[in-house]
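Q: The listed protein sequences correspond, in order, to chains C and B. If you count the first sequence from 1, position 184 lands on 184 in the UniProt record's numbering, and the numbers rise without skipping. If you count the second sequence from 1, position 148 lands on 148 in the UniProt record's numbering, and the numbers rise without skipping.
Hints in this document: simulated from the structure, not taken from any laboratory. We treat Cβ as the ideally placed atom computed from N, Cα and C, and that holds for glycine. Treat the hints loosely; a few may be bogus.
Said to hold, decoys possible - Which residues of chain C face chain B? A few of them, derived with a C-beta cut under 7 angstroms, are:
| hint | residue |
| --- | --- |
| 1 | A34 |
| 2 | T38 |
| 3 | C104 |
| 4 | S183 |
| 5 | Y184 |
| 6 | P188 |
| 7 | T194 |
| 8 | R222 |
| 9 | R295 |
| 10 | A296 |
| 11 | D302 |
To be verified - FRET-style restraints, in silico, Cβ to Cβ:
| hint | chain 1 | residue 1 | chain 2 | residue 2 | range |
| --- | --- | --- | --- | --- | --- |
| 12 | C | D57 | B | E365 | 33 to 43 angstroms |
| 13 | C | A230 | B | A92 | 29 to 39 angstroms |
| 14 | C | G93 | B | A326 | 51 to 61 angstroms |
Said to hold, decoys possible - Chain C stretches covered by chain B per the calculated footprint, using a threshold of three residues with CB under 8 angstroms from any CB of chain B:
| hint | region |
| --- | --- |
| 15 | 89–98 |
| 16 | 320–328 |
Chain residues, written in single-letter form:
Protein chains: 2
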Amino acid sequence: MVRPLSALDLARRIEGGEITPADVVARCAEAIAAGDATIGAFAALDLAGAEARAKADGAALAKTPLRGLPVGVKDIFETADLPTGYGSPIYAGYRPATDAALVCMIRRAGGLLLGKTVTTQFAFMDAGATRNPHDPAHTPGGSSSGSAAAVAAGMVAVAVGTQTGGSMVRPGAFCGVAAYKPSYRLLPMVGCKTFSWSLDTAGLFAAGIADVAYAAAALTGRDLRVDRAAPAAPRIGLARPHIWPQASPAMRAAVERAARLAEAAGASVREVALPPVFEDAFRAHGVVQDYEAYRALAHEYDTHRDRLGPRLREHLGAAASITPEAYDDARRIAKRARHALADLMGEVDVLLTPSAPGAAPRGLESTGQSTFNRLWTLMGTPCINVPGLIDDSGLPLGVQIVGRFGRDRAALEAALFVERTIASSPGA
Amino acid sequence: MVRPLSALDLARRIEGGEITPADVVARCAEAIAAGDATIGAFAALDLAGAEARAKADGAALAKTPLRGLPVGVKDIFETADLPTGYGSPIYAGYRPATDAALVCMIRRAGGLLLGKTVTTQFAFMDAGATRNPHDPAHTPGGSSSGSAAAVAAGMVAVAVGTQTGGSMVRPGAFCGVAAYKPSYRLLPMVGCKTFSWSLDTAGLFAAGIADVAYAAAALTGRDLRVDRAAPAAPRIGLARPHIWPQASPAMRAAVERAARLAEAAGASVREVALPPVFEDAFRAHGVVQDYEAYRALAHEYDTHRDRLGPRLREHLGAAASITPEAYDDARRIAKRARHALADLMGEVDVLLTPSAPGAAPRGLESTGQSTFNRLWTLMGTPCINVPGLIDDSGLPLGVQIVGRFGRDRAALEAALFVERTIASSPGA
Chain C
1 MVRPLSALDL ARRIEGGEIT PADVVARCAE AIAAGDATIG AFAALDLAGA EARAKADGAA
61 LAKTPLRGLP VGVKDIFETA DLPTGYGSPI YAGYRPATDA ALVCMIRRAG GLLLGKTVTT
121 QFAFMDAGAT RNPHDPAHTP GGSSSGSAAA VAAGMVAVAV GTQTGGSMVR PGAFCGVAAY
181 KPSYRLLPMV GCKTFSWSLD TAGLFAAGIA DVAYAAAALT GRDLRVDRAA PAAPRIGLAR
241 PHIWPQASPA MRAAVERAAR LAEAAGASVR EVALPPVFED AFRAHGVVQD YEAYRALAHE
301 YDTHRDRLGP RLREHLGAAA SITPEAYDDA RRIAKRARHA LADLMGEVDV LLTPSAPGAA
361 PRGLESTGQS TFNRLWTLMG TPCINVPGLI DDSGLPLGVQ IVGRFGRDRA ALEAALFVER
421 TIASSPGA
Chain B
1 MVRPLSALDL ARRIEGGEIT PADVVARCAE AIAAGDATIG AFAALDLAGA EARAKADGAA
61 LAKTPLRGLP VGVKDIFETA DLPTGYGSPI YAGYRPATDA ALVCMIRRAG GLLLGKTVTT
121 QFAFMDAGAT RNPHDPAHTP GGSSSGSAAA VAAGMVAVAV GTQTGGSMVR PGAFCGVAAY
181 KPSYRLLPMV GCKTFSWSLD TAGLFAAGIA DVAYAAAALT GRDLRVDRAA PAAPRIGLAR
241 PHIWPQASPA MRAAVERAAR LAEAAGASVR EVALPPVFED AFRAHGVVQD YEAYRALAHE
301 YDTHRDRLGP RLREHLGAAA SITPEAYDDA RRIAKRARHA LADLMGEVDV LLTPSAPGAA
361 PRGLESTGQS TFNRLWTLMG TPCINVPGLI DDSGLPLGVQ IVGRFGRDRA ALEAALFVER
421 TIASSPGA
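Could you put the whole structure together from the sequences, leaning on the hints where they help?
A: Here is the structure:
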């Protein structure tokens with residue numbers, strides 16, 4: 001089931017006239033026909049529309065930044081032409097009047113919207129039906145479950161997800177693909193269902209780091225591509241946060257192996273001590289998230305409570321009692337931690353840390369834990385899952401590169417450096 | 001046409017059992033029947049629903065924080081029970097599936113949604129049909145035109161608006177009511193049509209400062225009321241930005257008069273010099289706003305361009321060429337200016353500056369200029385229009401109090417101090 005498509009490679013071949021956007025759509029359609037009954041990555045599909053568009057406008061699309069590549073979008077982004085369900089029975093079949101800003105940007109850049117990908121309910125923890133392409137008995141992670149799985153299974157070249165806790169980096173790690181959560185608000189959130197307005201961040205999945213950087217550059221017009229020259233050797237800080245013992249032995253070994261490989265390839269690697277405010281910030285994440293979610297999902301909680309997933313319902317009920325003072329405190333802690341992180345990163349380009357506690361857990365009830373992601377989401381910094389390592393059972397183990405706020409290109413370049421050292425190591 | 005209702009006074013009388021929520025709804029219904037054919041404050045009304053609710057639940061509502069007071073909401077906030085048109089023919093009669101977070105918060109606090117108030121198209125500069133209650137030949141200001149006019153005309157006790165440039169403080173000044181734009185994101189924007197995600201800020205209109213503070217406290221559960229003790233004498237910085245010459249002689253005199261009155265009443269008043277970065281920040285506002293608007297309104301621009309107002313269409317067309325680099329530069333300037341403002345305000349509690357270039361201009365084609373508001377919106381600080389002064393023709397002249405970020409209560413208290421000194425001065 002696992003055969004991700006390199007967006008960059010496809011784009012180059014389309015640019016060179018070797019293949020057409022219609023060929024790529026056909027290939028994705030085949031992968032969907034072969035696998036999606038098992039994987040369940042899509043909540044809604046528009047294969048016919050994408051095929052028609054690729055055939056009619058193929059030559060024009062081939063000249064656009066995204067070159068007519070097929071894109072999947074997490075089903076918490078509103079689309080006027082496809083239903084938008086937010087993963088919830090409350091909105092089954094709902095048709096908003098408007099496309100989300102990011103959906104319009106995909107179109108402006110020449111991408112083809114192939115479908116909406118499965119999300120957990122309102123991007124929280126009540127799982128959808130998606131399975132992990134590496135082993136359908138395992139979760140693909142969440143909340144951007146369908147986007148990560150669709151890319152891993154070669155059903156789309158690029159997919160959009162969001163992260164509020166760990167909803168990009170974790171499913172990217174579990175599905176063995178590159179996940180890029182940019183600096184806060186680099187990609188617009190207009191028309192995306194809000195869970196926490198201070199934290200929700202749109203991001204991209206693609207096969208590898210160069211692919212996800214290519215897609216980000218094409219969508220935004222920013223200088224984010226990293227495929228045009230060999231990446232410079234980065235200064236890496238190996239970060240073992242206070243929750244390090246919660247990582248599995250395999251994950252701890254994976255991070256340490258990635259560090260050794262990078263060092264052997266010329267990167268400077270040093271252990272960095274995270275200051276104590278980060279432990280407070282780790283807790284502050286939940287306060288900020290939940291205070292905002294109780295307001296952002298007020299309509300659903302107040303008028304459709306019995307149709308919410310049990311985890312979300314219980315969580316919002318508890319969130320009702322968070323005071324404005326506790327929320328303001330949490331935001332102040334976050335601000336202090338951001339300053340501390342900026343200081344810490346004066347001496348390194350990026351941090352290297354686990355993407356998740358381990359490989360994808362067995363079972364579909366839980367999408368796994370965002371333990372190793374929440375703090376960085378609160379910091380608003382770019383976070384990237386670097387794929388390439390596996391555990392003893394053959395499941396992917398992702399390591400995470402955390403960059404400096406606004407220095408997304410440097411983070412992508414460092415992630416590419418690590419990805420390449422892993423790929424060229426014996427037994428990768 | 002001008003007889004604003006004091007929300008605080010009504011709330012006290014409801015609490016004391018003198019009047020009921022139904023009495024207040026009836027009074028608002030009378031004002032609407034008498035005046036709205038001329039004023040045109042409402043885009044949609046639910047008087048029958050509010051009356052029924054006030055009659056059925058009056059006793060319970062009287063115990064809520066907002067005590068069943070009638071509220072008007074700018075028609076860029078989504079409502080499931082009332083049409084949401086965003087001031088645009090594209091969305092005439094549109095019914096979203098969801099209530100905006102702030103609409104739910106009004107309901108949670110015990111407010112009654114009386115109707116949706118007229119906004120300019122997508123809260124930009126293409127005017128709606130609302131007239132100024134002080135003189136229907138004059139604009140009420142915009143973009144929160146209907147909300148300011150409805151409060152001034154006693155059609156609601158409280159109204160919600162938003163500000164991206166000067167869309168709260170200016171119509172508050174033109175209509176002679178209190179307008180409170182809180183610190184950025186104190187009130188949630190979820191379910192509000194986005195123009196610029198970095199700038200759009202929800203706020204409240206009410207008759208006077210104590211009323212708007214009462215409503216803000218009731219809605220948020222924050223300690224924002226200022227009516228329980230006499231306000232302390234503030235340290236005021238009289239701010240004449242580089243655009244000061246663009247203020248009318250009457251406006252310049254009004255600000256200077258407010259400063260003298262406050263000083264005579266015990267406030268410390270000093271001239272403050274705004275650092276040069278503020279001139280850059282003034283220009284940066286437009287870059288940030290327009291770059292984001294071209295993305296936030298992508299669906300409307302890309303698929304309904306010919307149905308956009310001419311000003312917005314032209315503006316978005318020009319915005320298309322703003323580069324990510326120019327946007328990032330503008331955001332860096334804004335950040336520097338915020339630091340400079342925090343330094344400046346180490347020595348004063350608030351700034352005193354014009355709310356608008358002058359009184360409401362004659363005519364309905366233009367809603368006036370946001371010249372004296374944009375900079376402060378970019379700073380994210382609380383901004384309050386203090387009503388009470390008039391020009392020679394009897395039209396209101398508003399002066400503006402700008403507070404420190406997150407110190408909303410202090411800003412409201414200072415605004416109340418200034419309002420009281422104006423009200424108790426000879427010839428006010």
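Q: It remains to establish, for every hint, whether it holds in the given structure.
A: Results of checking the hints against the structure:
At about 34 angstroms, the closest approach between the beta carbon of A34/C and any beta carbon in chain B exceeds 7 angstroms, and the interface hint on this residue is violated. At its closest, the beta carbon of T38/C sits 32 angstroms from a beta carbon of chain B; the interface hint therefore is violated under the 7 angstroms criterion. The interface hint given for C104/C holds, since its Cβ lies 3 angstroms from the closest Cβ of chain B, which is under the 7 angstroms cut-off. Interface restraint check for S183/C: the shortest CB-CB distance to chain B comes to about 10 angstroms, outside 7 angstroms, so the restraint is violated.
A cut of 7 angstroms between beta carbons decides the hint on Y184/C: the least distance to chain B is about 11 angstroms, and the hint is violated. The criterion of a C-beta within 7 angstroms of any C-beta in chain B is met by P188/C, whose closest approach is roughly 5 angstroms, and the hint holds. Nearest Cβ of chain B to the Cβ of T194/C: about 4 angstroms, under the 7 angstroms cut. The hint holds. With 7 angstroms as the threshold, the beta carbon of R222/C comes within range of chain B, its nearest partner Cβ sitting at about 5 angstroms, so the hint holds.
The beta carbon of R295/C comes within 5 angstroms of a beta carbon in chain B, closer than 7 angstroms, and the hint placing it at the interface holds. A distance limit of 7 angstroms between C-beta atoms decides the matter here; for A296/C the minimum to chain B is near 5 angstroms, and the interface restraint holds. Interface hint status for D302/C: upheld, as the beta-carbon distance to the closest one in chain B is roughly 6 angstroms, under 7 angstroms. Separation of D57/C from E365/B is about 41 angstroms and conforms to the stated range, judged on CB atoms against 33 to 43 angstroms.
For the hinted restraint 29 to 39 angstroms between A230/C and A92/B, the CB-CB distance of approximately 56 angstroms leaves it violated. Here the CB-CB span from G93/C to A326/B is close to 42 angstroms, at odds with the stated 51 to 61 angstroms. Look at the region 89–98 of chain C against chain B: 5 of its residues bring a Cβ nearer than 8 angstroms to a Cβ of that chain, three or more, so the hint holds. With a cut-off of 8 angstroms between beta carbons, the region 320–328 of chain C has 3 residues touching chain B; three or more are needed, and the interface restraint holds.
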